[in-house]
Amino acid sequence: MDILKSIYEVVWFILLVAAGVAALEGYFYTHFKFYARAWFFPAVLGVFPALALAVFGGLLGGYTFKLWLYFLLAEAAIAAFFRYAVKGRHTVPYLLLAPAFVGLALLLVYPFVFEVYLSFHDLKLTTIMMWKNTGTLPFVGIDQYVKVFTTSPLSEVTFWALLGRTLLWTFSNVFFHVAGGFILALMLNNQIRFKGFYRTLLVIPWAMPQVVAVLAMRGEFHSTNGFVNILIGKLLAVFPFLAALGVAPVQWLTDYPLLTCTLINIWLGIPFMMVVILGGLQSISSSYYDAADIDGASYFQKLRFITMPLVRPVMMPAVTLGTVWTFNNINVIYLVTGQAGGTEQADILVSALYKAAFTYNRYSYSAAFAIVVFAMLFFFSVFYLKSFDAAKDER
Amino acid sequence: MKKEMSAAAKRRRLNHLLLHAGLFLFAAACVYPLLRIFSVSLRPGDKLVSMDLSLIPAGATFVSYAKLLGDTMFLRWLWNSLLITLATSFIGVSLASTAAYAFSRFRFPGKKVGMILLLSSQMIPAGMLILPLFLMIMKLKLMNTYLGMIIAYSVSSLPFSIWILKGYYDTIPRSLEEAALVDGTSQVGAFWRIILPLSTPALSIAFLFNFTTAWNEYLVARVVLFSSQQYTWTLGLFELQGQYITQWGMFAAGSMLVTIPVLCVFLYSSKWLISGLTLGSVKG
Chain A
1 MDILKSIYEV VWFILLVAAG VAALEGYFYT HFKFYARAWF FPAVLGVFPA LALAVFGGLL
61 GGYTFKLWLY FLLAEAAIAA FFRYAVKGRH TVPYLLLAPA FVGLALLLVY PFVFEVYLSF
121 HDLKLTTIMM WKNTGTLPFV GIDQYVKVFT TSPLSEVTFW ALLGRTLLWT FSNVFFHVAG
181 GFILALMLNN QIRFKGFYRT LLVIPWAMPQ VVAVLAMRGE FHSTNGFVNI LIGKLLAVFP
241 FLAALGVAPV QWLTDYPLLT CTLINIWLGI PFMMVVILGG LQSISSSYYD AADIDGASYF
301 QKLRFITMPL VRPVMMPAVT LGTVWTFNNI NVIYLVTGQA GGTEQADILV SALYKAAFTY
361 NRYSYSAAFA IVVFAMLFFF SVFYLKSFDA AKDER
Chain B
1 MKKEMSAAAK RRRLNHLLLH AGLFLFAAAC VYPLLRIFSV SLRPGDKLVS MDLSLIPAGA
61 TFVSYAKLLG DTMFLRWLWN SLLITLATSF IGVSLASTAA YAFSRFRFPG KKVGMILLLS
121 SQMIPAGMLI LPLFLMIMKL KLMNTYLGMI IAYSVSSLPF SIWILKGYYD TIPRSLEEAA
181 LVDGTSQVGA FWRIILPLST PALSIAFLFN FTTAWNEYLV ARVVLFSSQQ YTWTLGLFEL
241 QGQYITQWGM FAAGSMLVTI PVLCVFLYSS KWLISGLTLG SVKG
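First to last, the protein sequences are chains A and B. Position 277 (the first sequence) corresponds to 277 in the working numbering; numbering is contiguous. Position 84 (the second sequence) corresponds to 84 in the working numbering; numbering is contiguous.
Hints are supplied without guarantee of correctness; some may be wrong.
What the hints assert, rightly or not - In silico SDA-like links for lysine to any residue, alpha-carbon gap of 25 angstroms or less:
1. B:141 to A:55
2. A:195 to B:19
3. A:33 to A:64
Hints are computed from structural coordinates only; laboratory data are not their basis.
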């Protein structure tokens, strides 16, 4: 019976969404199609504000006259816009776009704006009940932003330490992803037997559900039962001289949490780069290499002057994407360190802001923190894309 | 001459041997953790925590699987995940398919701005929107429900889906629709009867992408769902591992049950998935 109930719930919701989309399309269709009719203004002004009041009145608190007036004014503006500016042009594309963009506006743009609003107000555990009941919050100006730079988002680490750690994390991960992916792709790009078999095995870390992969690896870094330390122990038993070089089993999760997270994430991320680079390598025409062979070029010369430049265009978008993904990767760090009593020594900016919001319930603080992180990422991307474009023009 | 050839052949053989050794080593590193999970899932109850490295442990049993299915709500968690994921993918792909068609076939004011907006929305860190979405869901009184999860997930893959679908529509010749239009179909009819059926590969890629994103999601689920009745499998597994005493056997068994189908689907579809990834970026 439970199963039936859950199906019913979800199907009901999908039908609701479909009804919403139909209502939206009907609304716009009326405006696109009948904008020139004599009855256009009286009809839309009579019907739509009343309907909106009926539907949204309950959600927004009371079927008041004031609310109806707002809807009326909004509808008047929209109707005038459609009558005098749009005039029924481009009906089909806008109708096709409307549902997706309304969805994005409600669930992407609005939350973003709401986050900005939160960052200038004070929402925390003590004010959340007030917000739930009345919907208002005390305004605190830029206080939260000041706090981001002066106080610790968690219990000990500072913003600047987190920033440094994030850069280190991003750089080391992306570097090893690209290097490892490149080496593997070069190895796979040969005429050898079992190529497909190796390729299949090599993408397994990417193909596994990330939660499973990270949690399992977390267990394997356990100091006594994880295979990492067991293998180190076996290695020491076979080659005792390694101990003199400082090789020893370590408490990965408590002593080197960031290193552990990095190792796990490198393991997870190499296959993606490998596949992208391999695609690039396979698209290079062999005639370049034939010509280089005739000129007597060595393997490394061919690598440096043919392979690298020709793979670059395929690789750059992947590297950009990989950088942003790594910078924003909460998953690995939270899954490894997020449990009660977990360490803060591995947190980067994004995982700290998640923990600030949901472990420490500092909502507004976390919002301001998020805006700061977003601004950094935004300027990095703009700067990066500019320099990328400039490099393109030079060629 | 003949002697030289054989020297070159010898060197090539050595090269190949080294290549095989290197690839084998890397492949082993990729597969080994998965094999380990498999091995742990087969361990008998009294030897769950051990330093044993053998692939098939002594006294291998399926006890952990039985315990997982009998004692925990694992099947219920899978069911929850499946429902949420199917609903989000369905909504996401439907919205994307029409929007992408508008971008692919029409010229209209705001087209370029719309495309740029779509791309730049990818720059908003996913972790950043969790907090406002969480608060919205709380305000709508949808905490701990499927609907809250579906709402939170439904548009997250939308920009990317629109992007790949547009790339695919662009490769379908316009003459097909023009012929249909001449025959008296409406533009919408042409889309419904010609473009959509022809785009099944791209639609499946988009669906798969939506599906995997939602299926593997953890962070939103962590804050929206709080009763184990409603958990998705990611939360359930985390709980099995995260309690004070880790339920290693059940965790490993659950991991295997989730991973095997996902792995099969991924390996089967990876070719298209990757071509889909590059399609969007190349077509621009």
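Status of each hint after checking the structure:
1. B:141 to A:55: Given that 25 angstroms is the threshold and the Cα spacing comes to 17 angstroms, the pair holds.
2. A:195 to B:19: The hint holds at about 11 angstroms.
3. A:33 to A:64: The given pair, whose Cα atoms are some 31 angstroms apart, is violated under the 25 angstroms limit.
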